[in-house]
Amino acid sequence: MPVVIPYVPSTITVHMGAPSQWAENVTVSFPDYVKNVASSEIYPTWEPAAIRANVLAIISFALNRVYTEFYPSQGYDFHITATTAYDQKFIRGRSFFENISQVVDEIFNDYIRRQGFVEPLSAKFCNGTTSTCDGLSQWGSQGLAEEGYNSMEILRYYYGDDIELVVDAPIQNVVESYPGTPLRLGSVGQEVVVLQVMINRISQNYPAIPKISPVVGAFDEDTEASVKEFQRIFNLVPDGVVGKATWYKMVYLYVGVSQLSELISQGQTFFGVEFQFPGTLREGDTGSEVRVLQYMLALLAEFDNAMQPLQVDGVFGPATTQAVRRYQGQVGLAADGVVGVDTWNSLYRHFVMADQYLRRDMAQFPRSATQAVPAAMMEVGSGAVGYENTARLGQYPGYKLRLGQTDQREAVQV
Amino acid sequence: MANEGRLKVRVYTSQAELPVEGATVVVTQSGKAGKYTLLSVQISDSSGLVRPIEISTPASNESTSPNQNGAAFALCNVWAEHPGYAMLQVEGVQIFPGVETLQDMELIPLAEGQSSLQQRDIRQMTAQAL
Chain F
1183 MPVVIPYVPS TITVHMGAPS QWAENVTVSF PDYVKNVASS EIYPTWEPAA IRANVLAIIS
1243 FALNRVYTEF YPSQGYDFHI TATTAYDQKF IRGRSFFENI SQVVDEIFND YIRRQGFVEP
1303 LSAKFCNGTT STCDGLSQWG SQGLAEEGYN SMEILRYYYG DDIELVVDAP IQNVVESYPG
1363 TPLRLGSVGQ EVVVLQVMIN RISQNYPAIP KISPVVGAFD EDTEASVKEF QRIFNLVPDG
1423 VVGKATWYKM VYLYVGVSQL SELISQGQTF FGVEFQFPGT LREGDTGSEV RVLQYMLALL
1483 AEFDNAMQPL QVDGVFGPAT TQAVRRYQGQ VGLAADGVVG VDTWNSLYRH FVMADQYLRR
1543 DMAQFPRSAT QAVPAAMMEV GSGAVGYENT ARLGQYPGYK LRLGQTDQRE AVQV
Chain V
2 MANEGRLKVR VYTSQAELPV EGATVVVTQS GKAGKYTLLS VQISDSSGLV RPIEISTPAS
62 NESTSPNQNG AAFALCNVWA EHPGYAMLQV EGVQIFPGVE TLQDMELIPL AEGQSSLQQR
122 DIRQMTAQAL
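Residue numbers (the numbering used here), protein chains in the order written: chain F, 1183 to 1596; chain V, 2 to 131.
Just so you know, these hints were derived from the structure itself, not from any lab. Even for Gly, the Cβ is constructed at its ideal location relative to N, Cα and C. Just so you know, nobody snuck in bad clues.
Covered stretches of chain V, as calculated for chain F (at least 3 residues, CB under 8 Å):
hint: 1; segment: 60-69
hint: 2; segment: 95-101
hint: 3; segment: 116-129
Taking beta-carbon pairs under 7 Å as the criterion, some of the chain F residues facing chain V (in silico):
hint: 4; residue: Pro1226
hint: 5; residue: Gly1275
hint: 6; residue: Phe1279
hint: 7; residue: Glu1280
All chains should be modelled from the sequences, with the hints used to inform the complete structure.
Dropping the structure here:
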C-alpha cells in the first residue's frame, strides 16, 4: 500500500512452500516468474485471448502481493509463495512455452485494477471444473475466447465491468515502504501522510485509536497520541516513534482491514498526492493543483503582511502570480511568478509548519471547508471536517492590544 | 507436422546465464514397465543450445476443452551432464502440439574432486491443475 504508485519489481522472491513452513526461497526476474506461473497454470494450446487474460490475472495478483507487502509485513523474507492454496503455482526450473513467453514479454508491466483504485487487482482464479471461486475460471476463459471474446472482455466477464487496464507500469527494484528512518514528533513529509492515512483507516476498526485530522503530513502531538494508542493495543513499545516494527504492523493491519489483498477490496484511492509537486505551474493554469497552491499561499498570507491575501478559486490569474512573486522575493528565490519545484517545496515546508502550529491553538479557524480545502483532501482526511476546525489563536485579532487589555485569550497569547 | 511439438534445450550456469558448451543433453520418454525410449543425444554448442527436437503429442483438441479422457500433452525427460557440474535431470517436461517448449538447464558448478555423475539434481515437474 504505502508506495503511492504501484510498480513492477525487477525481481521477485518466491517461497517454495507454505508461508510458515521451512522451504527454499527462489529469486527470479519478474517476467520469468510470470512465464513460469502461466506455463504451470494453463495449457499453451489455448486461444491467444484466453492466454492473455490469464497472464494479466497472474501479473495483477503478483503485483498486488508486492504492492500490499502482504508477506513482508508479516515478517517473511519473500513476496509470494509457490503454493496454490495461498498464491499461484510456480515450479522451479520448469520449461516455458514459447507462445506464452512471447505474450509475457509484451505485457509483463501491464496489470488490471478497479477504476478509481490504485492497487493492482487481487485477481484470483481457479480452474472452473474441479474447483470454482468468485474470480476467473481458467477453462471458462478458454470457452469465452473460443466464442470470440477478447482478453479484456474475458476479464470483465469475471471481475466486473469496472476494471481497467494499466499499461507500462514503472519497473524498479523492490522497495520497502518503510521510510528508512523512524518517524517521530516533528517529522514532515509524504511518509507522514501515509502513516496518518493508515492510522485513520485502522481506527475505523479499532475505535480506541484517536483519528488524526486533518491529514497534511506533519507528525504533531495528535499523531503521536494515536501512534502510542496503536502501539499499546498491538503490544509494541508505546514510545510514539514509528520504527520498522510499528510501521509494518500498521501496513499489515491496513491491508487487512481494507481487504486490499482480496478480490472484494475496498480499494486504495490516491491520497496525499495533492501536496506533491505537480509539475511547473504558471499563469493561465487551472485545476486542483492551483487550488492547493492558492490555499498554501492564502494560509501563509494570514500571518505575514508582506504577502498578499488571495482568493482560492483554482485559477492561476494575475493575482496569484503576484502572490507567488511576493513569496519568492521573501524567501530569496528568483521572483519570476512561476511555481517550479523549488518554489513549491519551499512553500510546502512553510505551509506545513504554519499549519502544525495553528492546530496547537484552541480557537476555531472560521474558514469554510468547501472554499479552502481541495476536494480530494476532504475525502482523504476524516470526512467533512476538513480544515474547519483549524485553530486560529495565532492570527492577528483585528485590533491593537494595549496595556490594560483584559480579554483572556489575547492577553495570554501575547 | 500435425500433432508434434518441439523441444528446445539451453544449458547454462550462474545467474549471468553463461552458456555451457560441450554438455551432453539426453532426451528420453518413459515407456511401459520402466523402460525409457531414447529420443535424442546431443552435445550443446558454444551458445549452450542443441538442435530442436520434434516430439509427437496427443491431438490439440485434447487440451483445449475440459473433460477429455486422453492425455492433454506428451511428457519427456531431459538430462544434462558436463564434467565439473552437478548433473541435472528434469522429469515430466510437457510437450504440446504445435507449441515450442523451452527448457532451461541451469547447471551448478561442483567443488574439486566431486563427480558430476554422483552429484545429481533430479527435478520432478508437476502438471497444471486443470
